[in-house]
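As given, the protein sequences belong to chains A and B, one line each in that order. Residue numbers for the first sequence follow the numbering used here, so the first one is 1 and each next one is one higher. Residue numbers for the second sequence follow the numbering used here, so the first one is 333 and each next one is one higher.
Hints in this document: simulated from the structure, not taken from any laboratory. C-beta atoms are modelled at their ideal positions from N, C-alpha and C, and glycine is treated no differently. All the pointers check out, no bait thrown in.
Covered stretches of chain B (chain A as the covering partner; in silico rule of three or more C-beta atoms under 8 Å from a C-beta of chain A):
(1) 434 to 444
(2) 450 to 460
(3) 501 to 511
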Amino acid sequence: MTPGHLLAGPLTRLRHTIDRRLFRLRPAEALPIRLRQRRIFVLPTRAGWVFGLTLFAMLLASINYTLSLGFALTFLLAGIGITSIFHAFRTLLGLEIAAGPLPPVHSGEPAQFGLVLSHHRHTAREAIVVRTAHSTVALDLPPDTHTPLTLSAPTPARGWQRVGRITIETVFPLGLIRAWSVLTPDLALLVYPTPETSAPPPPNAAGSAGRTHASSGDDDFAGLRAHRPTDSPRQIAWKAVARSGTLVAKQFQGGAGGLLIFDWHQLPAALPGEARLQRLARWVVDAARDDARWTLRLPGQTLGPDRGAQHRHRCLRALALFRLNDHAQATD
Amino acid sequence: MPRPPTEATRFADPLRWAAACAGATLAPHLPRLPIWLGALAVLILAWRVLRQRTGQVAVPRLVTPLLGLTAGGLILAQYGTLFGKQAGIALLVLLLGLKYLECQRPRDIHVLVLLCFFLQLGLFLDTQSPLTGLGALAGCVLATATLLSLHTRHPVRTQLRTTGVLMLQALPFMVVLFILFPRIPGPLWGLPADAFSGRTGLSDSMQPGAISELSQSGEIAFRAHFPDTPPPPAQRYWRGPVLTDFDGMRWTGRRAATADHPAYTPDGRAYTYEITLEAHNRRWLLALDYPAGGIPAASYASDFTVLSREPVRQRLRYPAVAYPDSRVGLDTPAGILRAALALPPGSNPRTRALAADLVERHPQPAARVAAAIDWLRSADLAYTLRPPRLGTDSADAFLFDTRQGFCEHFASAFVILMRGAGVPARVVTGYQGGELNPFDKAMVVRQSDAHAWAEVWLDGEGWRRVDPTAASAPRRIDGGLAAALPDDAALPLLVRPDLNWLRTLRDRWEFLGNAWNQWVLGFDQRRQRTLLSRLGLHADDWRQIGAALLVAIGTLLAALLWWAQRAPRRDDPLHRAWQRFERKLTRAGLPRLPWEGPADYASRAATQWPDHATAIRHIAHRYARLRYGVGTASQRDTKALDSQIRRFSI
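The following block holds chain A by itself, in its conformation from the complex (with noise of 0.2 Å):
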């Protein structure tokens, strides 16, 4: 471990001690939010305090030896110095950050947090750094620009995730100041279920022996539709196309074989409620993928008989957010 490191722990500690007492003030702020003077807070680095003590040295040195330049040379690089200060909070004033993309994941898989950072300024503003927990995104605005970026994160559990607390921080234009802001924007995307890996077939409208996915389709053809942006290559009716020259996609009859029915009742009694989420999730997943039609049957909701991605996000939303107390405060 070298001294450097040695320094950081206490003074990394302090910055968030810092920033926690900041970030307890706040309440969740609705996006977008306009970097104002009064939120953004400079600090010198730890490269920023060992210039500091390099410059007390180098004066105390110049009065020592009498030293006209010496005293020029250090007042002019602590003039440095104290410039950098506001160009780094230059570059963190006028910034807005707005919300782009919050695709839903499953749990597990990493989430994407899409926000869009944008200025009018006609200069670039330059070496600015988007933390949260779990990601760091380091970026460069180009004069008067939207940039988008995404800050991904890990979903432990299902159900609404916030991006939490964010720190937007710059140490242009020298790295020995640095300016931040802290934001804890009202940004939540949807967390879905992790399928179950290895679950058993559904049960078949029928309740007791399950459709195998492979059956599926082929015989319950029922002609071409035109093509949903949501649809499935699978199901683009490929010859139809290279004849056509429009994209058609094939259409299977939802008859009584066709429709699935995903009943929480219907399984097992010693499933734990996760596992049961997970199970169905599994299923809407695949009936999804296959293009079946299905219906979901939850306590107090039931959900279809439908088809295609919208149903499917309904479904999993209400697996998603299946028993939790949260849903009010997020909109979809």
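Guided by the hints, dock chain B onto chain A, whose structure is given.
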């Protein structure tokens, strides 16, 4: 926090800048460093830069410590210590080289830059000329650019422009702090013995060769400013250390009693002047023979030298009055006269024989002095900057064998001859001559004007100055060094008479240098007080100074804050036109999403209002072409787009 620096490509830029910074800092040190160390540092820089270019970065693990230990040992051997100025600077240079060798992270670059700052400071101990100042400024620019390059990647010009902005904004802080920061007279702690050793000047002992070495230096020893007529060249004898004791090889000074006023009565014509003495780290204050009392903070020695209380460590100014015609030393104590007659037994037999001859023929001491000068004049002695080496009996060798010598040989031989003849005599060192700078009328006395002459004591007359050099090379006294030497002698460049234009140039430069000395380097506590009281501040009241400092710094900070907060200029007509379009669509119920570019936004809007699809797509397309296309949007195109947007409605 700097971004992860691992990739070699990302680090190449900072490394190149750091090499430039280190190089610029090292260059002025090179002449003062041991050759091997300078070469080592330069080699390391070059090697690493070349290696970086070929993409290899890692240095074999053991190279750095081995190199460090070896070079550290060599430095220890060279200076006998690792402390003190010379060894300290050598160590810093070594550290700089090693740090550059193993430079791999941003932190290494930071350390490198700080080392450069310290080295710059070390250079100031030796020289603070305007050129050094410019060099330090260049070093500062490069250091700033180096740090900057750790965080942004741009072409050199862009980096230098950003650096320039930083420097320009920092400059007012420097000026304010330089003027208002309280100057505390140093030193705060003991100085290393060699702190100022780089300074050339007279020494308190003399052996053959000492002064001729000095005469090669064109450095300024001091400047004298005569408000009235300056004394004629033949009277420009600036007295330095007086050397009485002789051991056969070396002349050394003798402790002399000091008093607050001179031991003689000034008499005759007076010359008033002011001296600006360069720091020489010794106590003597050069003064024109013979100074009257009244030089501030000085004491007067019984050998007529003037001493300051402390070694002169910074440029010093003092007023003085000279009375060249005074009679001095009429009542010199017998002890001093005895010392001025002592000779090492058995040395210089031929010179003594000559002295015995003088005694036999001239009973009067004054006549012996005159006869000795005559003898010297007729002895065909040559004045040269490069005298041959002399053995133990230096006076014999000089007067009878080699017959070539510099002023110290003349003075030494003459004093030995006089002592042999029973006339008390001693060597006086100092400067002889001086040149008027035509631009500021200051009389400039250089190290090359260093001189040694003799003084003999005669009953009833006191000490009389005799310059034996004048006997053989009288032009030395009237015309300076260049005139006295034969034409083919190797002369320092600037003393040569045929390079007058070069001298004019030098005179101008030194005039600038003098202003620099007075106003930048000489800005000490006294000058600060004078300036502050002229500004209406009480220099003794620290609260007033502190308040002034706070107000000035506060004003500068406020100015910077204003600069940082300036609203962005909104004079981009293209942007305004596009915003008008966005506003129209927003009012119609379709705001642009933050991440949407013009094309995406337009196609969404076109889907929403199929009737206007063509117009919407057209506007977005034109805007995108003007905004992101090649070159800047012409005024006409922008105007056309603007009017199309104005006409557009849903």
